[in-house]
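With the hints as extra help, turn the sequences into a complete structure.
Protein chains: 2
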Amino acid sequence: MIHVVLLGAGNVATHLYKAFEKSGEVTVKQWYNRNLKTIETYKNQVTITNDLSKLVEADIYILAVSDDAVSEISAKLPFENRLVVHTSGSVSVYDIDMKHKRGVFYPLQTFSKGASIDFSQIPLCVEAIKSKEDLPILKKLAKAIGSKPHRVNSDQRASLHLAAVYVNNFTNQIYRIAHEITESTGADFEILKPLIKETARKLDDLTPYLAQTGPAKRNDKKTIKKHKKALTDPIHKEVYQLLTKSIQKTHGI
Amino acid sequence: MIHVVLLGAGNVATHLYKAFEKSGEVTVKQWYNRNLKTIETYKNQVTITNDLSKLVEADIYILAVSDDAVSEISAKLPFENRLVVHTSGSVSVYDIDMKHKRGVFYPLQTFSKGASIDFSQIPLCVEAIKSKEDLPILKKLAKAIGSKPHRVNSDQRASLHLAAVYVNNFTNQIYRIAHEITESTGADFEILKPLIKETARKLDDLTPYLAQTGPAKRNDKKTIKKHKKALTDPIHKEVYQLLTKSIQKTHGI
Chain V
1 MIHVVLLGAG NVATHLYKAF EKSGEVTVKQ WYNRNLKTIE TYKNQVTITN
51 DLSKLVEADI YILAVSDDAV SEISAKLPFE NRLVVHTSGS VSVYDIDMKH
101 KRGVFYPLQT FSKGASIDFS QIPLCVEAIK SKEDLPILKK LAKAIGSKPH
151 RVNSDQRASL HLAAVYVNNF TNQIYRIAHE ITESTGADFE ILKPLIKETA
201 RKLDDLTPYL AQTGPAKRND KKTIKKHKKA LTDPIHKEVY QLLTKSIQKT
251 HGI
Chain L
1 MIHVVLLGAG NVATHLYKAF EKSGEVTVKQ WYNRNLKTIE TYKNQVTITN
51 DLSKLVEADI YILAVSDDAV SEISAKLPFE NRLVVHTSGS VSVYDIDMKH
101 KRGVFYPLQT FSKGASIDFS QIPLCVEAIK SKEDLPILKK LAKAIGSKPH
151 RVNSDQRASL HLAAVYVNNF TNQIYRIAHE ITESTGADFE ILKPLIKETA
201 RKLDDLTPYL AQTGPAKRND KKTIKKHKKA LTDPIHKEVY QLLTKSIQKT
251 HGI
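So the protein lines, in turn, are chains V and L. All letters in the first sequence, in the order written, are residues 1 to 253 by the numbering used here. All letters in the second sequence, in the order written, are residues 1 to 253 by the numbering used here.
Read the hints as simulated data drawn from the structure, not as lab findings. If you're wondering where the values come from, they're calculated on a predicted model, not measured in any experiment.
Given that identical chains are not distinguished, each listed pair holds provided it fits within a single copy or across any two copies.
Straight-line Cα separation of at most 25 Å, DSS-like style, residue types lysine-lysine; simulated pairs:
{"id": "1", "residue 1": "LYS197", "residue 2": "LYS148"}
{"id": "2", "residue 1": "LYS76", "residue 2": "LYS222"}
{"id": "3", "residue 1": "LYS222", "residue 2": "LYS245"}
{"id": "4", "residue 1": "LYS143", "residue 2": "LYS22"}
{"id": "5", "residue 1": "LYS245", "residue 2": "LYS228"}
{"id": "6", "residue 1": "LYS237", "residue 2": "LYS217"}
{"id": "7", "residue 1": "LYS139", "residue 2": "LYS193"}
{"id": "8", "residue 1": "LYS197", "residue 2": "LYS143"}
{"id": "9", "residue 1": "LYS249", "residue 2": "LYS229"}
{"id": "10", "residue 1": "LYS193", "residue 2": "LYS18"}
{"id": "11", "residue 1": "LYS193", "residue 2": "LYS143"}
{"id": "12", "residue 1": "LYS217", "residue 2": "LYS193"}
Okay, here's the thing in structure tokens:
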């Protein structure tokens with residue numbers, strides 16, 4: 001059994017709490033949040049507290065708090081030499097106060113409020129400064145909630161976090177632009193969904209380099225000109241031009 | 001039974017031929033291509049020809065040829081007042097010679113060489129100038145290969161074709177950029193695949209507008225600054241800046 005103390009009450013903390021509770025291998029010994037109201041509904045299931053000085057002993061302390069709070073809260077923890085990890089993609093492991101054994105437990109996925117999260121679909125990036133000593137338990141914790149643990153150093157985690165902005169936020173904005181384009185003629189955005197899914201699925205078989213098709217890759221100037229002419233929104237046109245340039249640079253055109 | 005004559009031998013023509021053959025409701029009476037060699041392997045299954053003057057009678061003539069060839073080949077067809085359709089996303093239905101009954105049969109999907117195509121996952125955009133008369137058989141043809149037909153006018157089809165460049169080619173290039181970013185630190189691009197799939201899947205529940213998250217949407221200036229600093233490739237940085245601007249414009253930030 002892994003004994004955990006959870007700190008924070010945002011999306012990540014709440015989803016982790018639920019996953020730990022469901023797992024037979026993890027006990028959440030205590031749940032801390034500065035504002036008790038937020039976690040009050042859980043008080044019959046788990047000991048809750050808003051007092052850092054009352055934290056109990058555990059195998060792992062998980063700081064699922066905002067990026068900016070990692071350093072401050074870790075410094076305030078009233079003990080030392082225990083394993084303290086944060087869950088952020090972009091915060092350094094060294095932001096955790098050096099009196100602790102330090103690590104990272106970063107679930108790489110988009111968390112939506114309300115949506116139930118299937119951790120078996122979420123890679124868990126784990127890191128520990130004393131890796132020999134502390135990585136095994138972080139891996140065990142990831143597996144206990146059905147996730148696949150990946151050992152990832154701080155540079156790699158930062159690049160995954162940045163890349164995630166591209167494949168999630170930016171891709172989603174590309175969908176949004178497509179939505180605006182189809183709406184401008186009353187076409188049904190629904191019709192694009194199989195293509196959207198196939199574009200993502202194709203990566204099971206091919207790298208994005210090999211999966212590329214279309215007018216930019218073919219350097220089909222006639223179609224590119226027609227498309228540019230059809231685009232009335234200046235930012236959509238800029239996106240068209242820039243991504244066409246990017247594709248052509250990638251493929252040496 | 002729907003009798004079809006197929007013209008052309010590219011990706012779309014070949015995939016359509018295979019789907020028609022598999023369907024119990026369609027007979028390909030003839031397959032035309034200027035170069036007979038390309039379709040020679042099929043000569044024991046179907047009558048092949050490279051001579052337009054020898055085309056037999058059929059319910060539908062499908063021009064699955066390059067965009068530029070639609071007009072020319074349709075003018076050369078040695079008959080009139082029969083239903084002739086093209087399969088292009090961007091060519092006008094009026095590019096087909098006016099001696100024919102004219103229409104469009106446009107499968108909206110990315111076709112990869114070699115990959116087997118499941119038409120049940122492909123929306124078919126159908127259009128006919130004499131819609132009352134000619135649309136029913138185009139819809140029937142789409143259903144015969146398991147596809148869902150969508151009546152789409154020329155403006156809508158053009159916007160779907162343009163939007164498809166965004167959600168397929170541009171999204172795929174975003175994946176490519178993410179691949180380059182992760183490779184720069186030796187991080188494993190594989191770890192991003194669940195996020196890529198979830199980003200596409202989320203559209204089942206939410207519009208792209210509502211699905212948006214991340215630093216641009218939150219206007220998290222600290223993270224945006226950190227990300228820009230980490231990007232060394234000038235085009236990747238431009239893409240970051242432009243799509244951040246686009247997200248912020250969409251969300252009024």
